[in-house]
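Engineer: Spelled out from the first residue to the last, the chains are:
4 protein chains.
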Amino acid sequence: MISPLKSRDDGRMKPQIAVIGPGNAGQPETADAERAGRALARVGAVILCGGKGGVMEAVCRGAWEEGGTTIGILSDSGNGNPYLSIVIRSNLGNARNAVLVQSADAVVALGGAYGTLSEIALALKSRREVFGVTTWKIDGVVACGTPEEAVFSALSAARRSPWYRSRQAGREYP
Amino acid sequence: MISPLKSRDDGRMKPQIAVIGPGNAGQPETADAERAGRALARVGAVILCGGKGGVMEAVCRGAWEEGGTTIGILSDSGNGNPYLSIVIRSNLGNARNAVLVQSADAVVALGGAYGTLSEIALALKSRREVFGVTTWKIDGVVACGTPEEAVFSALSAARRSPWYRSRQAGREYP
Amino acid sequence: MISPLKSRDDGRMKPQIAVIGPGNAGQPETADAERAGRALARVGAVILCGGKGGVMEAVCRGAWEEGGTTIGILSDSGNGNPYLSIVIRSNLGNARNAVLVQSADAVVALGGAYGTLSEIALALKSRREVFGVTTWKIDGVVACGTPEEAVFSALSAARRSPWYRSRQAGREYP
Amino acid sequence: MISPLKSRDDGRMKPQIAVIGPGNAGQPETADAERAGRALARVGAVILCGGKGGVMEAVCRGAWEEGGTTIGILSDSGNGNPYLSIVIRSNLGNARNAVLVQSADAVVALGGAYGTLSEIALALKSRREVFGVTTWKIDGVVACGTPEEAVFSALSAARRSPWYRSRQAGREYP
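If you read the protein sequences in the order shown, they are chains A, B, C and D. Heads up, the first sequence is in my numbering, so the first residue is 1 and it goes up one at a time. Heads up, the second sequence is in my numbering, so the first residue is 1 and it goes up one at a time. Heads up, the third sequence is in my numbering, so the first residue is 1 and it goes up one at a time. Heads up, the fourth sequence is in my numbering, so the first residue is 1 and it goes up one at a time.
Please note that a few of the clues may not be correct.
[Stated by the list, open to error] A few chain B residues facing chain A, derived, Cβ under 8 Å:
hint, residue
1, V43
2, S103
3, S166
Since the hints were made in silico from the structure, they are not lab data. Glycine included, each C-beta is placed from N, C-alpha and C at the ideal position.
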């Protein structure tokens, strides 16, 4: 039922990169998250996140100041943090974590407690590449030294991912 | 944990309007959907939809040609139609319908089979106003004569809704 | 990965029948629901419901007194009403409605507001037969005069449904 | 809306224990799973699992042979393995993992790839105690030497958990 016509992509289909991290975050983590948000906005990626506080708010604030696009996929039905371009009120509780990482072409993980661990695991199960800064050491997560390194690596991964490539080509995946 | 600071809204927080309708749609319905998409893009609303074919593709195509922003909240984990600015790969099956309407500030219904009926019911249960063109006659749905009328009515409803107003004010809802 | 061996069904695979109806229900509706619960328990069906109050609690109470099995698929992460054999804490909000009706082999609808309407629509979309007592008049819903008539009709529908038949035969569906 | 009356528990409200593990499992893992299923059935626990093959099928087969009750919360809308007393057709994809562990009073983890890791993380985030046999070494998982040890520890944890205790007392949680 979906038109087989070539995508009309004129640059509006941007790589979608999820940034995951805890709602309870200390100063180093939120500083890293804000840097990640700035870098993602500058390279023109769309930022997906859980849309609430802590790392999620910091990444959105960084992106917002650079004019970036931020999508909050909330676990509740509220408004999330004040730096969201688009709010998806999933009201799915923790089941939201699966929706978030599946929607991304690549994932950046910053710090993290059990919620972040679940997102890393769900991302790897969905074959998304995950780039982490001071996060869980799980086989499959690429450790990065700085938020900018994680962002640039995730951008490259997103661009070569089957999800982004098929979408840009106007094809369904798989 | 979410910053109590005032929203930094500089016009980027747009009303979010869901357009619902069947993936299997005839010519009159897709023509209406394309007109609704054009009108929504011109008034600067963000369009939420199921992201697949039929009415969903037609509304996105109309909006796309006017430079609008289209969000597809897919029931599967694919790419959806080729006119999506952002793709949310929910992979929730029919449970996606709840996520779609809860994310909207107001809803436009065009034509429709059982899936559309479930979205109308879920929207009304979530207290979203629903504006319909040749769709199910359900108590609570406002019947409109043209897609443009439905769009303008939905835009007004969205702007006065508690979801949009609290979001613009930088406040959580409720 | 699932064993192709024949099912070891020795009578433990019972028809699964969902009973849907509002959490806010008056005396006639709860009396009907209690009768439906008793009838379902007597015929040996497993009862699926939303697990909360009103119609949901009444159907469970009726079944419980007859020694029936009641499964509550909750929209939150609580305990539901006190007459649940099994509690599924979905915490999915309204998205739970889709999970509930998809899990049933047939559906009984009693009374109902918008939530019930969404479940009727989702059930019909999933090709489940729906038997209603004083509920929404939607094309596809079979109107019944008494709760017992709805239960016996739903039991017949469940037993001839592809979901129940394939399950009893130890085969995957579809 | 839910009756404040004391629960009518006459022994039918059993501890609910989730067993998590991969659909692709080797002989040692499936042998452990079958032993876990037998032990859980003997102690009268209700078994929750993903309902498919590998560890999930083995635990159900073990329980089935002992007359136990097995609930499969499927990620798809099929029938699952042939040893399920009750089938919940969630069709939520990986988001199902959250529903599964939230529904349990305690969790047993056997072996595991990324899906199991996500379930462990979601269980710990939901404050469920997790008992593992040759599974991920994550802070918070209690390592056990045998499936029986994991089952007995999980049973004790379930019985003292706030979810089971409030349910037995006929109270909502929290």
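Engineer: Tell me if B/S103 is really an interface residue toward chain A, meaning its C-beta lies closer than 8 Å to one of theirs.
Structural biologist: This interface hint holds because 5 Å falls under the 8 Å limit.
Engineer: Holds or violated: the hint that B/V43 contacts chain A, with Cβ atoms closer than 8 Å.
Structural biologist: Where the cut-off is 8 Å and the nearest Cβ of chain A is about 17 Å from B/V43, the hint is violated.
Engineer: Is the interface hint for B/S166 satisfied, with its Cβ closer than 8 Å to some Cβ of chain A?
Structural biologist: For B/S166, the interface hint holds, since the closest Cβ of chain A sits about 6 Å away, which is under 8 Å.
Checked against the numbered hints above, the structure violates only hint 1.
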